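Model the full assembly from the supplied sequences, consistent with the hints where possible.
Each chain, written out:
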Amino acid sequence: MSDLETFRKETAAWLEANCPPEMRQPMVDESDACWGGRNPTYKPGQKEWMDIMAEKGWTVPDWPKEYGGGGLSRAETKILQQEMARLKCRSPLSSFGIWMLGPALLHFGTEEQKKHFLPQIARGEIRWCQGYSEPGSGSDLASLQTSAVDQGDHYIVNGQKIWTSYADKADWIFCLTRTDKSEKHKGITFLLFDMASEGVTTKPIKLISGASPFCETFFDDVKVPKSYGEGVSSVVFEENRGWDVAKYLLGHERSMISGEGSSGGGSLGAKFADQVGRDDMGRLDDPMLRAQMADIDIELLAFRAMAERFGDTFKAGLCHPAQPNMMKYAGTEINKRRHELIMSAGGSQVLEWESEATNGGLTARSWLRTKANSIEGGTSEVMLNVVSKQILQLPNT
Amino acid sequence: MPLYLNDDQKMLQDSAADFMKTEGGVAHFREFRDKNCKDGFSHALWKQFAEMGFTGILVDEEEGGLGLGHAEAGVVLEEIGRNLTPSPFLTTAVAGVEALNAGGKALRDKYFPGIIAGETVLSLAIDEGAKHRPDQIAMAATREGNGFKLDGKKQFVVQGGSADALIVAARTSGSAGDEKGLTLFAVDTDAKGLSRDNVRLVDSAVAAHVEFDGVVVDADAVIGEVDDGDVVLKRLLNAGRTGAAAETLGVGTGAMDITVDYIKGRKQFDTTIGSFQALQHRAAHLYSEMEIARATVLKAQQLLDEGAKSAELMVSVAKSKVGRATSLSVKEGVQMHGGVGMTDEYDIGLYMKRDRALQEFLGDANYHTNLVAEMHGY
Numbered sequence: 001m002s003d004l005e006t007f008r009k010e011t012a013a014w015l016e017a018n019c020p021p022e023m024r025q026p027m028v029d030e031s032d033a034c035w036g037g038r039n040p041t042y043k044p045g046q047k048e049w050m051d052i053m054a055e056k057g058w059t060v061p062d063w064p065k066e067y068g069g070g071g072l073s074r075a076e077t078k079i080l081q082q083e084m085a086r087l088k089c090r091s092p093l094s095s096f097g098i099w100m101l102g103p104a105l106l107h108f109g110t111e112e113q114k115k116h117f118l119p120q121i122a123r124g125e126i127r128w129c130q131g132y133s134e135p136g137s138g139s140d141l142a143s144l145q146t147s148a149v150d151q152g153d154h155y156i157v158n159g160q161k162i163w164t165s166y167a168d169k170a171d172w173i174f175c176l177t178r179t180d181k182s183e184k185h186k187g188i189t190f191l192l193f194d195m196a197s198e199g200v201t202t203k204p205i206k207l208i209s210g211a212s213p214f215c216e217t218f219f220d221d222v223k224v225p226k227s228y229g230e231g232v233s234s235v236v237f238e239e240n241r242g243w244d245v246a247k248y249l250l251g252h253e254r255s256m257i258s259g260e261g262s263s264g265g266g267s268l269g270a271k272f273a274d275q276v277g278r279d280d281m282g283r284l285d286d287p288m289l290r291a292q293m294a295d296i297d298i299e300l301l302a303f304r305a306m307a308e309r310f311g312d313t314f315k316a317g318l319c320h321p322a323q324p325n326m327m328k329y330a331g332t333e334i335n336k337r338r339h340e341l342i343m344s345a346g347g348s349q350v351l352e353w354e355s356e357a358t359n360g361g362l363t364a365r366s367w368l369r370t371k372a373n374s375i376e377g378g379t380s381e382v383m384l385n386v387v388s389k390q391i392l393q394l395p396n397t
Numbered sequence: 001m002p003l004y005l006n007d008d009q010k011m012l013q014d015s016a017a018d019f020m021k022t023e024g025g026v027a028h029f030r031e032f033r034d035k036n037c038k039d040g041f042s043h044a045l046w047k048q049f050a051e052m053g054f055t056g057i058l059v060d061e062e063e064g065g066l067g068l069g070h071a072e073a074g075v076v077l078e079e080i081g082r083n084l085t086p087s088p089f090l091t092t093a094v095a096g097v098e099a100l101n102a103g104g105k106a107l108r109d110k111y112f113p114g115i116i117a118g119e120t121v122l123s124l125a126i127d128e129g130a131k132h133r134p135d136q137i138a139m140a141a142t143r144e145g146n147g148f149k150l151d152g153k154k155q156f157v158v159q160g161g162s163a164d165a166l167i168v169a170a171r172t173s174g175s176a177g178d179e180k181g182l183t184l185f186a187v188d189t190d191a192k193g194l195s196r197d198n199v200r201l202v203d204s205a206v207a208a209h210v211e212f213d214g215v216v217v218d219a220d221a222v223i224g225e226v227d228d229g230d231v232v233l234k235r236l237l238n239a240g241r242t243g244a245a246a247e248t249l250g251v252g253t254g255a256m257d258i259t260v261d262y263i264k265g266r267k268q269f270d271t272t273i274g275s276f277q278a279l280q281h282r283a284a285h286l287y288s289e290m291e292i293a294r295a296t297v298l299k300a301q302q303l304l305d306e307g308a309k310s311a312e313l314m315v316s317v318a319k320s321k322v323g324r325a326t327s328l329s330v331k332e333g334v335q336m337h338g339g340v341g342m343t344d345e346y347d348i349g350l351y352m353k354r355d356r357a358l359q360e361f362l363g364d365a366n367y368h369t370n371l372v373a374e375m376h377g378y
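Residue numbers (the UniProt record's numbering), protein chains in the order written: chain A, 1 to 397; chain B, 1 to 378.
Simulated from the structure, these hints should not be mistaken for lab results. If you're wondering where the values come from, they're calculated on a predicted model, not measured in any experiment. Treat the hints with caution; some may be incorrect.
Said to hold, decoys possible - Pairs of lysine-lysine residues, derived as BS3-like cross-links and limited to a Cα-Cα distance of at most 30 Å, are as follows:
#: 1; chain 1: B; residue 1: K309; chain 2: A; residue 2: K271
#: 2; chain 1: A; residue 1: K389; chain 2: B; residue 2: K10
#: 3; chain 1: B; residue 1: K10; chain 2: A; residue 2: K78
#: 4; chain 1: B; residue 1: K234; chain 2: A; residue 2: K271
#: 5; chain 1: B; residue 1: K21; chain 2: A; residue 2: K389
#: 6; chain 1: A; residue 1: K336; chain 2: B; residue 2: K234
#: 7; chain 1: B; residue 1: K309; chain 2: A; residue 2: K315
#: 8; chain 1: B; residue 1: K309; chain 2: A; residue 2: K78
As the list claims (entries may be wrong) - Have a look at the derived ranges for each label pair, beta carbon to beta carbon:
#: 9; chain 1: B; residue 1: P2; chain 2: A; residue 2: D180; range: 42 to 48 Å
#: 10; chain 1: B; residue 1: M11; chain 2: A; residue 2: D140; range: 44 to 50 Å
#: 11; chain 1: B; residue 1: M11; chain 2: A; residue 2: E111; range: 39 to 45 Å
We put the beta carbon where it would ideally sit given N, CA and C, even for glycine.
Encoded structure:
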């Protein structure tokens, strides 16, 4: 048996033995995710699962061991993901620290920054949020105005962020701030600070789905130390070079959001045919809906193949650097179409906003949520701009 | 297996790309079209295919071939598509060989040497109506003496005009719609009672209407088992559809590339039209569709090569997805070219015509979308 086969066998056995039964139930919605942090709200099984996975370094299996990771190779990481999917194990920890800040620190951070921040992320001790968009800076993110003024051993931060995911629940923020007003892209600094600092306030934004996953975040003379200890700067990379970090991370975010298109898996038609009704041949009895469902089944299977190819080429360094933009575009547009069909399959039943039968309008709320997919993290139109300029090399006006 | 070409496949791609471009490029296509060649392709080029080893790509090494898989056949087909290379490669070396691979050694010994040498051409006699409906095959093969007598008509027998033998699907028992009761035959085109009416198609390929009027074949002509032709047919269809998807992918990406090049050069309103966002967004959307289509084709090829059960589903996903994406590519291509897109001088229209023919070959996007629904049990 090869080393990888042994690894697969042992991993499967370990997951079987250690994953709490509650953590092998499918997640119903975003509230079922485990986020950890200083003020956590755990559902049964979540903390045990997070802790035991963190102990093995498997909340971040491909990070180096010295930063709290599992030190797994690409092939091993893929096996772990496959076995977790096969055994229906939930992800032990959802975290902007894992998805966003971690990759930025691994790429741009100093050794001291990595040693200080990464293990806290891996163990789910600190919950991070991302301070990017501002009311006047959406698609044109680099026009951001939130200022960080150098005061010797600290900065004073003033301004406002918007669409900060879970800012009201986050412990720390990685925040794009303006340190030089004379330069657009080269005047931005990537700053890390505590959301409990004096002068930080958050205000949840109520969305059309009724949920409030995003906040407005206000900074009013927030004092941010330049250092959190020997070599642990609050600035990632260099002052005024934050746009480089942001661009790198946007790539990550886009590939992450793009994965949503392939999540939820399974055939829509197979799932909904009984509910909608079947004809004498056993076919879904609304031929137009059946055709649309089959179309979206094809789109989902096709996108899953694309995601596999994207992952493989990305890891092998064969992927165009702007390819995540295409993935983000395609994945989010498919996901929106998918939810339109789920609503159509549910008919008038799923319109019920508060009934027990619909679990509080879950289907409708999820459908509305997806409309943000092609806006957040760069709109579909911005993605198409990037693809046309960077991949197709079409000229500027 | 990672979902990209390995080093050997990449090398094959380089040589296939170079070969198709220099020996079988669009200029070659136009030359054969314009001289109204009765076969629609060059036998000399088919010989060259053989010299490159391409014709034996799916034939086992022990039988003189390259012993490669659907992924490698697809590499060659994509270049055929990109260059609009006229050849009987898909029907002969891919679908035809794969059908024979499902049968006995005697038939392989009979046909493989000629195929490997670039001398034999095979065509597929499957369709009986204007739409591909293999589950409705009605053509009859009745037992006669030691063999069978074939009666009926087939159409859209692509390259059938110059074929030396046809892979024929006929009914030996049961009735149209039954899964069992089909039998596949390899029938030489010089058989008595077999007549062909060759017609030129929109893409300048030649296809035959074939009539079987009491054509008698021996039992040796049966590929696989009598009444179990569905097994052979499935292999033929999986190979042919995946191959057609790969060729279509080449047509779609080729059309996209020349269109993107065109809008980079064409100027109006004192500027390059490729700088207009209205065109940029359409081009970028097309790129996205073609990339996804590419992933489905490679996935289907890999699953077929692995012998995976899920291969058939992915084959239909690929044929459908790449069909829609390429159809978009050629339509957007003509539109973005503007007036010159309507002229014979520019190549984009040739891609549109080739795509249309490939769409209908072994099931169009709608047909395969329906299959996907059926495979999912709704």
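> So which of those numbered hints doesn't the model satisfy?
Replying inline: Number 6 only.
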